[in-house]
Amino acid sequence: MTNKISRRAFLKGSITVAGSVAASATGVSAATALTKEKKEPLATLIDISKCIGCEECVYACQESNADKYPNPEKPYPEMFPKRVPVEDWSQKRDVTDRLTPYNWLYIQHATAKVDGEEIELTIPRRCMHCDNPPCVKLCPWGSAKQEDNGLSRIDSDLCLGGSKCKTVCPWDIPQRQTGTGLYLKLLPALAGNGVMYKCDRCYNLLEKGEVPACIESCPEDVQTIGPRSEILAKAHALAKEMNGYIYGEHENGGTNTIYVSPVPFDELNNNIEKRDGQAHFEKVENKMASGNNIAKAMLIAPLAGIAAAAGKFYKAAKEDE
Amino acid sequence: MKKMNIQSYIYGITLFFITLSGFAQMPIFKRYYIADIPGLGWLANFYITHLMHYIFAGIFISLVVYSIIYFIIFKKGFGQIAKDMIIRIIIFSGLILTGSLLVIKNFSGTPFPNGMIIMLNLLHLLFCMALMIFGFYQLIKRKKELLSG
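For the protein sequence lines, the chains are X and P, in the order given.
Sequential numbering of the first sequence, starting at 1, is according to this note's numbering.
Sequential numbering of the second sequence, starting at 1001, is according to this note's numbering.
No wet-lab data here; the hints were simulated from the structure.
Everything numeric in this text was worked out from a predicted model, so none of it was measured.
Glycine is no exception: its CB is placed at the ideal position from the N, C-alpha and C atoms.
Take the hints with a grain of salt, since some may be wrong.
What the hints assert, rightly or not - Each computed SDA-like pair below joins lysine to any residue, with the alpha-carbon atoms no more than 20 Å apart:
hint, chain 1, residue 1, chain 2, residue 2
1, X, Lys315, P, Leu1123
2, P, Lys1083, P, Ser1093
3, X, Lys315, P, Ile1072
Stated by the list, open to error - Partial list, computed: chain X residues near chain P (C-beta under 8 Å):
hint, residue
4, Pro70
5, Asn71
6, Pro75
7, Trp141
8, Gly142
9, Gln146
10, Glu147
11, Asp148
12, His236
13, Leu238
14, Gly291
15, Ala295
16, Met298
17, Pro302
18, Ala304
19, Phe313
Said to hold, decoys possible - Sample of chain X residues with no beta-carbon within 12 Å of chain P, all distances over it, derived:
hint, residue
20, Cys51
21, Gln62
22, Pro72
23, Pro77
24, Glu78
25, Asp88
26, Ala112
27, Glu118
28, Leu121
29, Thr122
30, Pro219
31, Ile225
32, Lys234
33, Ala237
34, Ile272
35, Gly311
Please work from the sequences and hints to get the whole structure.
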């Protein structure tokens, strides 16, 4: 079919194209404004050289968060298909050598050489509280949330336990407990599998102006909390002083947990136990960066549509002549 | 019966992959063995399907903008098509609006309150379901038209 162009249609087309360009430009500026508005998050500094591995922080964490832990009721509903794993930690609440739904912080051990001398290092490990946390941003239901102060946490009333947050977490931090949570009220056999748990950086204490339990309880002042820029300045000063190394500043695009160590982190990483529920010290690329770069490129999508329509319009107008 | 043009094919392919990658954002393909099918393992990789969803969303937005301008300029006749088109415009607008806000949410920072993010997730899924039901209805309608000659 040949498309006939009238003068009226020509004017209408031109106005439409111009309007679309303007609307697209408005969308760009709105998106820029929304993404730029950001408050400074709180970060924690962990001085590995100070940690003596006493586990005071581990027990303080358990005590402070005991009322947030799950109390699943047995028997658990049968899940379909059979491959869906039942993850039950309710009878292993005293496990402290890894992350579990009942243990959100553990002490990692490593031996390393400093100035030719072999030393043992102990390292508190928990959620890194990423600047742009994949666990929060990729949760399909919004059960995981990030607060303005930079902490990320999982809402146990909303989580369905699909474990996507653990899969996308570069450190596999969240841990699942089957037999608890919202999925029991929906389709327990077919969807969901409990609730995911991880460190929430004692958000309830921070709301009251207090510091997280692990920081408060430490007899060696291993951890410090403060605005991220101040914590980074302290971390760099400390690293310079001990001729040490920093981890967490750039990992996954930046985190709100900054480790300072007298030993290179790749060496530490080679000397720590890395089973399920135990975090590594590998270099981590920014997991959300590729998607967000494509999102920026997507801003030209309406323009591509406009260009294609303008091309079609021009061709039809020429044929009409 | 209306002849399928290249634009319809691109729409079809885009909608298929955007829906597939959208559903892959839920942890279901591994659970239900779909990612075990040779060649479909990528469906269980949330980062791959996330990128794929974004790329096809970009193509989808380009197609919708093109179609809107094309329709306004060449005004291909209302009547019977108009009803279907209004439904399609509502669904597409809903998908693009909720999807765009979810894309903004994925940048660093906390631009929206959590309650709003939950609503956006649910609305995006609802619009997708509505599109699938509507597509199914249109398919049956076309088959009936074909059979009745």
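Next item on the list: Please name the hints from earlier in the document that this structure breaks, with their numbers sorted from lowest to highest.
Entry: Structure breaks hints 1, 4, 5, 6, 12, 13 and 35.
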